[in-house]
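Take the sequence shown: its letters are residues -16 to -1, 1 to 156, numbered as in mature numbering (1 follows the signal peptide of the UniProt record, and there is no 0).
Just to be clear, a hint being listed does not mean it is correct.
Claimed, not checked - Distance windows between CB atoms, simulated:
| id | residue 1 | residue 2 | range |
| --- | --- | --- | --- |
| 1 | Ala140 | Ser119 | 48 to 54 Å |
| 2 | Leu152 | Arg89 | 50 to 56 Å |
| 3 | Ala94 | Met(-4) | 43 to 49 Å |
| 4 | Asp123 | Met(-4) | 50 to 56 Å |
| 5 | Gly58 | Ala(-2) | 43 to 49 Å |
| 6 | Pro45 | Arg7 | 24 to 30 Å |
| 7 | Glu148 | Glu81 | 49 to 55 Å |
| 8 | Val70 | Ile96 | 39 to 45 Å |
As the list claims (entries may be wrong) - With a Cα cut of at most 25 Å, we get these calculated SDA-like pairs of lysine to any residue:
| id | residue 1 | residue 2 |
| --- | --- | --- |
| 9 | Lys11 | Glu80 |
| 10 | Lys11 | Ala57 |
| 11 | Lys6 | Ser83 |
| 12 | Lys146 | Thr117 |
| 13 | Lys146 | Leu128 |
| 14 | Lys11 | Asp(-11) |
| 15 | Lys11 | Glu81 |
| 16 | Lys6 | Arg89 |
| 17 | Lys6 | Phe19 |
| 18 | Lys6 | Leu66 |
| 19 | Lys146 | Gly133 |
Hints are computed from structural coordinates only; laboratory data are not their basis.
The C-beta atom is built at its ideal place from N, Cα and C for all residues, glycine as well.
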Amino acid sequence: MGATVDLFIAVQMLAAAWMSTKRDIIKNCFVHTGFRHGELTLAGPSDAAANEECSGQGGAPETAAARGTLREAGIVPDSIDLYDFVDADADVIVYEELSDEEILRSACAAAISDAADSSDDDEVACGLLVPVTASRVMDSLDTLCTFLGAHDDDVAMQIFTKCEQRILLLLA
């Protein structure tokens, strides 16, 4: 049987692999895929405004200070801006946009399917009552009668008898 790895262990293994990878190897991988130092440019004028905001004119001072420190240390090249990373997946659709009706329809279908699969309990699925068989109703009435008889409560037994008569009329 295969080994099981939980998400935390997988993330730890990924982090360890990343930390053991040297910068030259990563740079070489980018060179092999066609990226060259200094080739990155801004996509449009709106990106230029966003980069100016991020670089300290209007951006958070902590962000500008952190970016400055990373650039001075040689970790972040001058040609790379924060929004190259922040907006890298801005146009990727990662979910399907659903209307409220579609969400409700999907949830109701799942609830009705679950209710049909479970034979032990009566459920209300999306406002629709799950049908109950007459034998289950009679079994429930017998259980209540036994319970009330064991507690010797005459008032409760009278109320139960009236309810039982009404329920039996509904079953007929």
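Structure-based check of each hint:
no.: 1; hint: Ala140 - Ser119: 48 to 54 Å; in the structure: violated, 24 Å
no.: 2; hint: Leu152 - Arg89: 50 to 56 Å; in the structure: violated, 37 Å
no.: 3; hint: Ala94 - Met(-4): 43 to 49 Å; in the structure: violated, 35 Å
no.: 4; hint: Asp123 - Met(-4): 50 to 56 Å; in the structure: holds, 55 Å
no.: 5; hint: Gly58 - Ala(-2): 43 to 49 Å; in the structure: violated, 22 Å
no.: 6; hint: Pro45 - Arg7: 24 to 30 Å; in the structure: holds, 28 Å
no.: 7; hint: Glu148 - Glu81: 49 to 55 Å; in the structure: holds, 52 Å
no.: 8; hint: Val70 - Ile96: 39 to 45 Å; in the structure: holds, 43 Å
no.: 9; hint: Lys11 - Glu80; in the structure: violated, 35 Å
no.: 10; hint: Lys11 - Ala57; in the structure: holds, 17 Å
no.: 11; hint: Lys6 - Ser83; in the structure: violated, 47 Å
no.: 12; hint: Lys146 - Thr117; in the structure: holds, 21 Å
no.: 13; hint: Lys146 - Leu128; in the structure: holds, 13 Å
no.: 14; hint: Lys11 - Asp(-11); in the structure: violated, 31 Å
no.: 15; hint: Lys11 - Glu81; in the structure: violated, 38 Å
no.: 16; hint: Lys6 - Arg89; in the structure: violated, 51 Å
no.: 17; hint: Lys6 - Phe19; in the structure: holds, 18 Å
no.: 18; hint: Lys6 - Leu66; in the structure: holds, 22 Å
no.: 19; hint: Lys146 - Gly133; in the structure: holds, 15 Å
Checked against the numbered hints given earlier, this structure breaks hints 1, 2, 3, 5, 9, 11, 14, 15, 16; the rest are met.
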